[in-house]
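A.B. asks: Please construct the entire structure, taking both the sequences and the accompanying hints into account.
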Amino acid sequence: MGSDSVTTAARTEPVADARRGGRTIGIRQWLDEVIAYSELLGNLVTRDLKTKYRGSFFGIFWSLLNPLLLMLVYTLVFSIIVRVNIHPYAVFLLTGLVPWNAFAMSLTSATNSVIDNAGIVRKIYFPLQILPLSAVLANTVNFAINIGLLAILTVIFRAKFAPTMLLLPVLVILQLLFTYGLGSMLGAAQVYFRDVQYFLGILLTAWFFLTPVVYSLDLVPPKLRLVLAINPMAWDISSFQDIWFYGRLPRWPYLLGFTAVSLLTLVVGIVAYGRLSQRFAEEV
Amino acid sequence: MPAAVTLENVSKRYRVYHQRHEVLKEALLRRRRGVYEEFYALRNVSFAVEPATTVGIIGSNGSGKSTALKLIARILHPNSGQVRVDGRVSALLELGTGFHPDYTGRENIFLNGALLGLRRELIRRRLDDIIGFAGLERFIDNPVKTYSSGMYMRLGFAIAVNVDPDVLLVDEVLAVGDADFGQKCYERINRFRRDGKTIVFVSHDLAAVRRFCDRTLWIDRGLLRADGDPNEVTEQYLADVQHRQPSDDASPGAPSRWGTRQVEIVRVELMSGNGDPKYVFEPGDAMRLRVSYRCKEPVRNPVIGMAIIRDDGVNCFGTNTRASGTSIAEIRDHGSVTLTIPRLSLLEAGYLISVSIVDEADRVTYDHWDRRTEFRVRQKKGDPTGVVFMPATWEVEGQPHEGVA
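So the protein lines, in turn, are chains D and U.
The first sequence begins at 1 in my numbering and counts up by one.
The second sequence begins at 1 in my numbering and counts up by one.
It should be emphasised that the hints constitute simulated quantities derived from the structure, not laboratory data.
Note that beta-carbon positions come from the ideal geometry of N, C-alpha and C, so glycine has one too.
One or more hints might be untrue.
[To be verified] Chain D stretches covered by chain U per the calculated footprint, using a threshold of three residues with CB under 8 Å from any CB of chain U:
# : segment
1 : 30-41
2 : 124-132
3 : 268-281
C.D. replies: So this is what it looks like as structure tokens:
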């Protein structure tokens, strides 16, 4: 633990709504607490990974099997039945599907992270921002494994190596910031409104098809492209496709736009979560 | 020297939602009224705990004593006022919280230790101590879902006391587990006291409060009612519990009274064998329970029943007028019935009494008071242990030797 003396203060004037009365958590405090509890963070990530596949025969291979099966299905549909003119389609698809899956799965676990840990939230003090963070990080391990799978398939399909592929870590990190920020907001909202998780399920399905994962933004008619282009995940995924599949630099407005949106989401997420988390122990 | 724990004009309100699913709709429509009510769990409570003292907090269910503990532990945040803690806090609010059922005992020690803020290195060094203290050497590599509740608690306690806090918060946890382990827990807590740690503990166990505390706080419906010598404060509390009118008791969430009120219970009194008010008994004492009722219209064939529940929820004894062959043809206006228990066969613990008046077929509940009357059984050292008091005799090698088991 960081400091020896702890002050839990609230404004002394009577406040009708606790959310207006609390102290706000700053980015600095957020970081200090996460560092102080980094071992807990590690433990929770391990717990998530261990329990996810415990008792299943294929274990961690499921996390590879899932995108592989999806890849087979979509490849069947879009390169044999519908005949989209992208080759090799399997690599193209996986380039978008791997980051999208990581995003969707992280967001779902982050949204449920607080209520899934209701027992400890009610009874033990610890920095609560650890919960969505560990959910996102546990899925990031899967993300990394799947990127490995993508690399192997890229070699197998003899797609050419491009220096722009080295930009991959930048995109991964930006996406993580975006996911954590959004996941924190949804995770906190979920404590107060249990409908959030159902809403999120539907939202993610629609969002998937409005994001160029199974198709390329190039295939979209220019008029419609503007509509799709207001979607930050479209900026993210099409940048992945640019640097990995097409071997070209990402479209700068998209990359810069996604950077800005990610940072904004992160800050708003941390601050909003910090405020809302003060009543988690009594609401969850 | 600054106080170890300070509460200054602390108030804490909770929201009680009428219908949880309405919350989203109301939030969207920006109509807040009527979705929830607020009630004060604590109202302007101030106290300071000096370093190296042990303070007990007592009060009936829902009085706000656990809220106070959670505020000190930083799990809850006050709506107004200030909570200050000087030093490292460890809270034993519930043992085994955060255990993962599929993890082995050993894995859970690391997970739980991390939750409590312990460094991995420190846990590794103390691993043998923890396992030994919990007495789980043979089972430590089995998943905890195979553990009995006692083993679970023991492991939880063993981890939690290794936090090395400056301020230790304990909530009722010692009431659980077997007698041997309970003894070990108390010894451990005594060691904390000797080491000059500050302890704040919440308990229903007034005997333990008297034994351990330097000072006792009584929180009653969110207000600090008394603060001082443990013997005096616990006596005050018991006297109040005995004379409390049931309508005063407002613990939200759990209705402690229900029924059609065709017959109303007016008063429930506990007495000694000769009719004096009494609320602390010894094993083997006589106990009388008088239930006073009133009704506007005459009611035929009512059945009056009672049950004794130990404060950890164990249903110890229950009887009613029909079961014991006492038929009541009709009651009108007001009156009372008295149950006499010539020898109370219970051992040391806190107990709660429920009383109800129902119709002949047990279909209509006229009035039910759920666990609204409290009493304690206190016993001398060396008395028997367990749940019930049974007269028993030992014989040694053919030479009769009188004594109670």
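A.B. asks: Next step is simple, just say for each hint if it's right about the structure.
C.D. replies: How the hints compare with the structure:
Against chain U, the segment 30-41 of chain D contributes 4 residues with a C-beta closer than 8 Å to a partner C-beta. That satisfies the three-residue criterion, and the hint holds. Only when three residues or more bring their CB closer than 8 Å to a CB of chain U does the claim for the segment 124-132 of chain D stand; here the count is 3, and the claim holds. Chain U is given as covering the segment 268-281 of chain D, and this holds because 3 residues of the stretch bring a CB closer than 8 Å to a CB of that chain, at least three being needed.
Against the hints set out earlier in the document, no violation occurs for any number.
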